[in-house]
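Number of protein chains: 4
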Amino acid sequence: MDIIDRLAEIFKEFPGIGERQAKRFVYFLMARNSAYSENLVELIKDLKKETAQCKECFRFFIVSKNERVCDICANANTDSSVLMIVEKDSDLESIRKSRVYHGKYFVLGGLVPIVEKTTKSRVRILELQEKIKREKELKEIILAFSISPQGDHTDTYVRQQLKDICDKSSIKISSLGKGLSTGTELEYSDNDTLKNALKNRQ
Amino acid sequence: MDIIDRLAEIFKEFPGIGERQAKRFVYFLMARNSAYSENLVELIKDLKKETAQCKECFRFFIVSKNERVCDICANANTDSSVLMIVEKDSDLESIRKSRVYHGKYFVLGGLVPIVEKTTKSRVRILELQEKIKREKELKEIILAFSISPQGDHTDTYVRQQLKDICDKSSIKISSLGKGLSTGTELEYSDNDTLKNALKNRQ
Amino acid sequence: MDIIDRLAEIFKEFPGIGERQAKRFVYFLMARNSAYSENLVELIKDLKKETAQCKECFRFFIVSKNERVCDICANANTDSSVLMIVEKDSDLESIRKSRVYHGKYFVLGGLVPIVEKTTKSRVRILELQEKIKREKELKEIILAFSISPQGDHTDTYVRQQLKDICDKSSIKISSLGKGLSTGTELEYSDNDTLKNALKNRQ
Amino acid sequence: MDIIDRLAEIFKEFPGIGERQAKRFVYFLMARNSAYSENLVELIKDLKKETAQCKECFRFFIVSKNERVCDICANANTDSSVLMIVEKDSDLESIRKSRVYHGKYFVLGGLVPIVEKTTKSRVRILELQEKIKREKELKEIILAFSISPQGDHTDTYVRQQLKDICDKSSIKISSLGKGLSTGTELEYSDNDTLKNALKNRQ
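Residue numbers (UniProt numbering), protein chains in the order written: chain F, 1 to 202; chain D, 1 to 202; chain L, 1 to 202; chain Y, 1 to 202.
Please note that the accuracy of each hint is not assured.
All copies of an identical chain are treated as equivalent in the list; a pair is satisfied when it fits inside any one copy or across any two copies.
[To be verified] With a cut-off of at most 20 Å between alpha-carbon atoms, the simulated SDA-like pairs for lysine to any residue come out as follows: (1) 45 to 153; (2) 45 to 13; (3) 23 to 187; (4) 48 to 30.
Simulated from the structure, these hints should not be mistaken for laboratory data.
Extracted from the complex, chain F is given alone in its bound form:
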C-alpha cells in the first residue's frame, strides 16, 4: 500500500467516514499547502499533550496545570448526590450543553455487546464500582444509554453489576425516561415507543 492508501485507511476509522471520503481527505491534504498540514499535525500532537483523561469520571478534558481531575469533577457546585453513567464523551458533552443536569458523570467507555464474554475488559465497570464506593454523598445513579438493543443490554448489565453496592449504601438506580421524543408522530411510532409512552404516562 502506498502512502495515499495508508493514510486513507486511517481516515476510514474516523466516525462516519467511508472509503470514498477517506480518499478525498488525502487528496485534500495533498492539495493544501504545507503550512496547513503542519498546523494539523501540531494540533493533533497538542491535543494529546494538552488533554488528559479525568481520573474520576474518565472524560477527556483540557489540562492547564497537571490536574488529575476534570473541571466538572473538581467544581464544588457540581451536585455530588447524583451520578450519570454515559457511554462516551460526546454523549456527556451533549447533555452538558443542554443544561438540564448539574450532577456528576461517569464515562463507561462503550456499550456492552449482547454476545460478549470479556465484558469487563471493554467497559469501565470495575472503575465504576470503585468510583461509587468512594462517593460518600451519592444518592442516585442515572443510567443514560441510547434506546437500542445494545443500550438496553448495557442498562441491564450495569444494574446487575451495581446492585449489591447500591443496595448496601441505599443508592437508587434509575434510567432515563422512555417515551415520545420531540417530533415523534404517533402515526409512525414503533410498538416499543408506544408501549413505553403508555406505561410512563403521567
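For chain F, the structure is supplied; the task is to place chains D, L and Y on it using the hints.
Coordinates of chains D, L and Y only, in the frame set by chain F:
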C-alpha cells in the same frame, strides 16, 4: 383550467402529494383502462356508503347493518375505565395495531392551532365533554398527541377544558410519557427530549 | 377484505405509492366531507369522458368536439419532418414543456423488457410502423428513452424493427445524446457516463 | 479557543465536514490511544514528504526517487496526442479508474468563478499555455469540467485563453459530451439536459 389540471388540484390535497406527483396520478389514470377508473370510482363511492363515523368516538368504521357505534366502542371487552384522546383516525389505528392499549378512544378531529380564536368549531371539545359525562365507569383520560408545539398546546387546552368535569367525577388526566424513543441517540438529542428523559427517569 | 383495504389496494397501484400511504389516502377520504369525494368521483369520470387517445401519436389529450387527433398532431406548425418516440405521456409532457423540440411525437406505451417474448403485444411497434409509412414528410426519427438497461434495450429493439422502413424511405434514426447531464460531477460519474461523454465530445 | 475547538476548526475545512462532525473527530482522537494519533501524524508528514506535484500535469503523485514528473506523464504508452484538462486531482483519478481514456492530463487547480478579476492567479492557465507550447505531438485538447454554471464558465474561459496557441498549431479543442447520463429519467430532466441531449443526438 382543463380537466387534467382540475383533477391534479384535487390529488394535491391528498396527504404528502405535491404538484408533480398529482399530475402523474392524472396521467396514470388516463393510461389505465376504463375498468380501473370505474373500479376506483365505485370504491370511493362505496367507502362513503359502507363507512360511518362512530357516534361515540368519532372514528370512521365499516358499517355492516346500520350500527351507530364502531366495533371498539361496542365491544364488551373494551376497557371502559380508560379513554385515550387522539388527533386523528390514523393515530388511533397505529396505537390499536401496537396492541399495547385496550381501552376506549376519542378522535378529537385535529390539533388546536396556537393562535386560534374559533377553536371550538375545529376540534370536538364539546362532544368530548358530553362523552365524558356519559361514561360512568371512566377513571382515566390519556391525552395522546404528537410532541410538537401544536401537540403540546392541544394537550394544555384539552386539560383546561376537561378540568372541571374530571375533578367532579374524580377522573385522572394523564399524557403519554415523554423521553427517549427507540433509536434516539443521546449525542443527537434535543434539549427538550433530554429534559423530559431526565425528569421522567425511573 | 373490507372496503378500506380494497380501496387501499387500488391506491397502491398509483405511481410511487406504498402500502402505508395508500392507507392514509383512504383515511383522508373518509375524514373529508362527501362533497370532496363526490367532486373527486366526478372528475375521474370526466377525465375518461373528456380525454381521448390520439389516433396518430397515442398520447392522451383533452377532447373538445370529438377530434380524432391531438392538438400537437393537428397543429400545422408542428414540424412534420421529425418524429420523437417516447415511452410514456409524462416523458412527452416534460419534453414539450422544455420548448426545445417542435416536431411530432409517438408514445410507444412502455419499454421493452430485456427478457420478453411477447414484445409486440406490449409496445405499439406495429402502430409505429404504420405511422411511419403514413408520414410522407418524415426525415428523422429520434429515439428518446431513459438511460437504463431497459431503455437501451428498447432503443436497440425499435431500431431493428424500423430499419427496413427507414432505409427504404431514407429516414434517419437517431437517439438522444448521452454524456454529462446538468449537475453531474466528474468525480462521482459512473464509467458508462464517462465513456459516453468522452465518445461524444465536441 | 481551546485545543478542542482549534482542532475542530481545522477539521471543518475537510471536504464535506460540518461543525458537528469536526467536533466528533476531535473526541474520536482523544479517545483513541496515543499510537493511533502518532501514526496519523507520521502519515500526514510522510504524505508531504513522499508525494510531489508533477511538473508537467500538476497532479500529486508518489515520489520514489526524486522524479520531476508523475508516472502518467513519464509513461511512454500514454497517448501524447491528446490532453485532458480537469479541475482537480480527484476528477483525474475518477477518469483514470474508468479506463476509458489513455491520454495525458492537466490539473487546472480549480474552476474559474463567474465574477472574478484575478483569474490568472487562481487557476494554472499560464502553466497550461506553456505546457501546450511544449507538447509537440498534441492534436486535441479535451475540456472535462462538471456541468454547472462555474464549469461552463471555466470551459468558455479556457477556450478563449487557448484559442491563439491552438489555432497556430492546428490543435482541436473539444469538451466532454453533454446529454443524458446513466439513470437519467426523461420525465425528471431539466431543460438544459433535454436541450443538450436533443442537440447531441446521433
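We went through each hint and held it up to the structure:
1. 45 to 153: Cα proximity of residue 45 and residue 153: none, with 36 Å in one copy and 42 Å across.
2. 45 to 13: both (18 Å within a copy, 19 Å between copies)
3. 23 to 187: between (42 Å within a copy, 12 Å between copies)
4. 48 to 30: between (24 Å within a copy, 7 Å between copies)
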